[in-house]
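J.: Sequence:
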Amino acid sequence: MSLASKADRKAAADAAAWMFNVVTSVGIILVNKALMATYGFSFATTLTGMHFATTTLMTGVLRWLGYIQPSHLPFRELLKFVIFANFSIVGMNVSLMWNSVGFYQIAKLSMIPVSCLLEVVLDKIRYSRDTKLSIAVVLLGVGVCTVTDVSVNARGFIAALIAVWSTSIQQYYVHHLQRKYSLTSFNLLGHTAPAQAATLLIFLILSCTIAVGTNLSQFICIGRFTAVSFQVLGHMKTILVLIMGFLFFGKEGLNLHVVLGMIIAVFGMIWYSNASTKPGGKERRSSLPTTRPQKHGNLGESNEHDGKV
Numbered sequence: 001m002s003l004a005s006k007a008d009r010k011a012a013a014d015a016a017a018w019m020f021n022v023v024t025s026v027g028i029i030l031v032n033k034a035l036m037a038t039y040g041f042s043f044a045t046t047l048t049g050m051h052f053a054t055t056t057l058m059t060g061v062l063r064w065l066g067y068i069q070p071s072h073l074p075f076r077e078l079l080k081f082v083i084f085a086n087f088s089i090v091g092m093n094v095s096l097m098w099n100s101v102g103f104y105q106i107a108k109l110s111m112i113p114v115s116c117l118l119e120v121v122l123d124k125i126r127y128s129r130d131t132k133l134s135i136a137v138v139l140l141g142v143g144v145c146t147v148t149d150v151s152v153n154a155r156g157f158i159a160a161l162i163a164v165w166s167t168s169i170q171q172y173y174v175h176h177l178q179r180k181y182s183l184t185s186f187n188l189l190g191h192t193a194p195a196q197a198a199t200l201l202i203f204l205i206l207s208c209t210i211a212v213g214t215n216l217s218q219f220i221c222i223g224r225f226t227a228v229s230f231q232v233l234g235h236m237k238t239i240l241v242l243i244m245g246f247l248f249f250g251k252e253g254l255n256l257h258v259v260l261g262m263i264i265a266v267f268g269m270i271w272y273s274n275a276s277t278k279p280g281g282k283e284r285r286s287s288l289p290t291t292r293p294q295k296h297g298n299l300g301e302s303n304e305h306d307g308k309v
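In terms of the working numbering, the sequence shown is numbered consecutively and its last residue is 309.
These aren't lab readings, by the way, just hints derived from the structure by calculation. This structure is a prediction, so every number in the text was calculated from the model and none was measured. Hints should not be assumed to be uniformly reliable.
Listed below are the simulated DSSO-like cross-link pairs for lysine-lysine, each with C-alpha atoms no more than 27 Å apart in a straight line [said to hold, decoys possible]:
1) Lys10 / Lys33
2) Lys180 / Lys124
3) Lys10 / Lys80
4) Lys80 / Lys6
5) Lys124 / Lys108
6) Lys108 / Lys132
7) Lys80 / Lys180
8) Lys180 / Lys33
9) Lys108 / Lys33
10) Lys10 / Lys124
11) Lys10 / Lys180
Distance windows between CB atoms, simulated [claimed, not checked]:
12) Asn274 / Leu47: 46 to 54 Å
13) His176 / Leu62: 20 to 28 Å
14) Leu62 / Asn255: 36 to 44 Å
15) Ile220 / Val150: 37 to 45 Å
16) Ser151 / Asn274: 45 to 53 Å
17) Phe246 / Gly268: 17 to 25 Å
Just so it is clear, CB atoms sit at the ideal spot from N, CA and C, and this is done for glycine as well.
Work out the full structure: start from the sequences and follow the hints.
T.: Structural data, given as structure tokens:
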């Protein structure tokens, strides 16, 4: 086969790969937008975990059919890749949630210079002047058409920083691992997809496990105490949820009115606990008459008893 023919085939394969990526990437964005905006499915991380679970199933079927040959990827390398990949996914989601759309787009644009820096430092690559200028033009054009309002806060900036660096390193690792360990795209996907699916779905598994404990503990508590006690003292959970929410998700909505309500509620719970445990504070009164055993003695005793009834 001539060099020109090989070059043509490579160019065709490269164009097909880019087209495949563009079509699927745009398609999944539109489908996910429909799921979340139209049908109200707002569990982005869980959805991503399901994507990787489906990918794992697909690679398993292809391996079973013989289209994917066995390969090896050291666990240490796999672990590093999965850590960066998961930080990338969670970081991008949190960055979009905490930042304005404009700053989120700026953060995505900054991945290009960060990726260039990684190649310069790790692969000793040097870019020509024309290459640098072309990248700058791309950044300018995308920035002009996507960046609108720009506002940022401290936690949003940190989330964007983590997202940018973890995404850039994860994407660098894809190319690096394929070259270093002679892995095909399907080989690398077969190694990484199961680990990513397991780690991203771990929150779903954790939620289900905690739900079992919640249901069991509810039956245990109501069985040992009463429904009223469970409801009154159970509102301590509401107070704790509010406090944890203010601590971890910002103090929006926290004011003197809310704090005063918390204090009053806790005081009432303590009062109820003390009052209900004192003698006479909470007694069970039976509405059924106590049945006394009848004596089978002489007839006089029986007539006397009958007369009192």
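J.: Quick check: does the Cβ-Cβ distance between Ile220 and Val150 fall within 37 to 45 Å?
T.: Given about 52 Å between the Cβ atoms, the range is violated.
J.: Sort out whether Lys6 lies within 27 Å of Lys80, counting only the CA atoms.
T.: violated, 36 Å
J.: Between the alpha carbons of Lys108 and Lys132, is the straight-line distance 27 Å or under?
T.: holds, 18 Å
J.: What's the verdict on Lys10 and Lys180, does the C-alpha distance respect the 27 Å limit or exceed it?
T.: Status holds; Cα separation ~21 Å.
J.: Given the hinted pair Lys10 and Lys80, is their alpha-carbon gap at most 27 Å?
T.: This hinted pair is violated, its Cα atoms lying about 31 Å apart.
J.: For the hint 45 to 53 Å, verify it against the beta carbon of Ser151 and that of Asn274.
T.: holds, 50 Å
J.: Mind checking the alpha carbons of Lys180 and Lys33 for me, to see if they're no more than 27 Å apart?
T.: violated, 37 Å
J.: Between the beta carbons of Phe246 and Gly268, is the distance compatible with 17 to 25 Å?
T.: holds, 21 Å
J.: Are Lys10 and Lys124 close enough, with their CA atoms no more than 27 Å apart?
T.: holds, 25 Å
J.: So does His176 sit 20 to 28 Å from Leu62, Cβ to Cβ?
T.: holds, 23 Å
J.: Hey, Lys124 versus Lys108, does the alpha-carbon distance stay inside 27 Å?
T.: holds, 24 Å
J.: Would you mind confirming whether the straight-line C-alpha gap from Lys180 to Lys124 stays at or under 27 Å?
T.: holds, 16 Å
Checked against the numbered hints given earlier, the structure breaks hints 1, 3, 4, 8, 14 and 15 and satisfies all the rest.
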